[in-house]
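Asker: So the chains spell out like this:
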Amino acid sequence: MTSRSIAVNPIVGEGSSVMGRVIPVLLILAALAYLGIFLVMPVAIVFFEAFRHGFGAYLEAIKAADTVSALRLTLLTAAIAVPLNTVFGLAAAWAITKFQFRGKDILLTLIDAPLAVSPVVAGLVYILVFSRHGWFGPYLIDHGIRIVFAVPGIVLATIFVTFPFVARELIPFMQAQGNEEEEAAAVLGAGGWQTFFRVTLPNIKWSLLYGVILATSRAVGEFGAVSVVSGHIRGETNTLPLQVEILYNDYAYSAAFAAASLLTLMSVVSLIAKKLIEWKTRRKPAVLET
Amino acid sequence: MSIEVREVHKSYGKFDAVRGVSLNVEKGELVALLGPSGSGKTTLLRLIAGLEEPDSGAIILDGEDATRHSAAQRRVGFVFQHYALFRHMTAFENVAFGLRVQSKNVRLSREAISDRVMELLKLVQLESHATHYPSQLSGGQRQRVALARALAVQPKVLLLDEPFGALDAKVRKELRRWLRRLQDQIHITSLLVTHDQEEALEVADRVAILNAGLLEQVGSPEEVYAHPATPFVVDFLEDVTIFHGRNVAKPAELEIPK
Chain A
1 MTSRSIAVNP IVGEGSSVMG RVIPVLLILA ALAYLGIFLV MPVAIVFFEA
51 FRHGFGAYLE AIKAADTVSA LRLTLLTAAI AVPLNTVFGL AAAWAITKFQ
101 FRGKDILLTL IDAPLAVSPV VAGLVYILVF SRHGWFGPYL IDHGIRIVFA
151 VPGIVLATIF VTFPFVAREL IPFMQAQGNE EEEAAAVLGA GGWQTFFRVT
201 LPNIKWSLLY GVILATSRAV GEFGAVSVVS GHIRGETNTL PLQVEILYND
251 YAYSAAFAAA SLLTLMSVVS LIAKKLIEWK TRRKPAVLET
Chain B
1 MSIEVREVHK SYGKFDAVRG VSLNVEKGEL VALLGPSGSG KTTLLRLIAG
51 LEEPDSGAII LDGEDATRHS AAQRRVGFVF QHYALFRHMT AFENVAFGLR
101 VQSKNVRLSR EAISDRVMEL LKLVQLESHA THYPSQLSGG QRQRVALARA
151 LAVQPKVLLL DEPFGALDAK VRKELRRWLR RLQDQIHITS LLVTHDQEEA
201 LEVADRVAIL NAGLLEQVGS PEEVYAHPAT PFVVDFLEDV TIFHGRNVAK
251 PAELEIPK
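Taken in sequence, the protein lines are chains A and B.
So that you can map any letter, position 265 of the first sequence is 265 in our numbering, and since no number is skipped, the others follow by simple counting.
So that you can map any letter, position 14 of the second sequence is 14 in our numbering, and since no number is skipped, the others follow by simple counting.
None of these hints come from the bench; they were simulated from the model.
Be a bit skeptical, because a hint or two may be false.
[Claimed, not checked] Below, in silico cross-link-like pairs of lysine-lysine (PhoX-like), each with a Cα-Cα straight-line distance of 25 Å or less:
hint: 1; chain 1: B; residue 1: K122; chain 2: B; residue 2: K170
hint: 2; chain 1: A; residue 1: K98; chain 2: B; residue 2: K122
hint: 3; chain 1: B; residue 1: K170; chain 2: A; residue 2: K104
hint: 4; chain 1: B; residue 1: K173; chain 2: B; residue 2: K122
This one's a predicted model, so the numbers in the text were calculated from it and none came from an experiment.
Construct the complete structure from the given sequences, taking the supplied hints into account.
Answerer: Encoded structure:
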């Protein structure tokens, strides 16, 4: 009887209390070591290398014309892609969760496609469609419109890779919330827009913001798809991640790490924003509790 | 305002939820739609509110064909089983919602809305809870806020979908007596969906019994109880007799089943 109870529940047993204390400590240490090697160290190295030649050199590297234009292009791309995908994500999530229609599963699968398709393949598709030898390329070039190896291509590729984030964040949340509040609003005489702005949007705002932050991080950091369509024209079609690679290949290590530090800073900001939202939504049970 | 349901049919795929039901509710009357779950009573209520569209048949509100009108146009009051309060709004804001979304030319002034909301919260005995969020209210309190919210826009018809279904037995009994008194006070045409025979017989002026999407019998509580028209009604109301029998037992003789 006694031996059986020990066998069933070893941690409570007399001899295993030392183990019971050691195992959690070991697990925590292992996790910390893992995080240290794979997350903290690279970030630390980025900043260490960026400042290796002092703060003055760092500022010089950041103020270099090509890096500034890369930063500007990155921000411009995000500023176009994120709002578009926010509107699209909202519309898709609304359609999927509030209405019944044929082809719903197909739409859901399509939304997931960019997560399944390699970004490089996505970039190549745009080349196939819009380049000089592509389907629409000759027509567009004849009319003076350049898509690939130009800014529009970069924006398109970024829209493609970031479009699941807002929709994916909203769909499960809106499904869990159901339709009743919208129905109540309709019966009380509210129109579609009134229902959206007064009932739906306040209920989903944190979830929406969360999705927007994820999409922004990805838009800023995207490398693969953008690399394929960019054409790497210095000062014109290089985003910040591409600029980091170019500088590195030019043996301009400090400058490369300085540019990388800008990207890292943006990630840190979005990480903090993400944490703040999680904290905010936990602290406001009155708003989120069902 | 009267409600007239004329030969209404509604199916979901292969499932016929409502099969050619006709029903009249006179002005100022409280009618209970009674039936087991899956009998189509909630579907019928949602069809009248405009939350569902009938496949065929007509919904006539106050003598006017409202079949093609949207839920917003019908101006009916609807009380949901799970309250459906706006969770990010206080009790006050919930009740004020219907008044605030009205178009500018008919909307009341800010002060008039405030007066009306407080008046309604008083009616449901919750004026001290005006600033509470739904999550800070009990089930019974939430349902009273929902009722005040439905009444705020002065609907001509009140539709209640199992309004007490999610509440415990004691609160449920209190609330339904309170609803009956309210009905005697303001005489609003009401349709109450319930699966509870006792509730229907106690509260309603007339009872409409539904089964498998068909209307079995309509009549006063005494009528349907004393003269059940179909075998289903006999069977369905039989339980009530047993329930009444238990009710008169002395506490000492009561036994908890199982």
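Asker: B:K122 and B:K170: Cα distance at most 25 Å?
Answerer: 22 Å, holds
Asker: Going straight from one Cα to the other, do A:K98 and B:K122 come out at no more than 25 Å?
Answerer: Answer violated: A:K98 to B:K122 is near 35 Å, above 25 Å.
Asker: With the threshold set at 25 Å, check whether the alpha-carbon distance from B:K173 to B:K122 stays at or below it.
Answerer: 20 Å, holds
Asker: Are the Cα atoms of B:K170 and A:K104 separated by 25 Å or less?
Answerer: 44 Å, violated
Consistency with the previously given hints fails for numbers 2, 3, ordered from lowest to highest.
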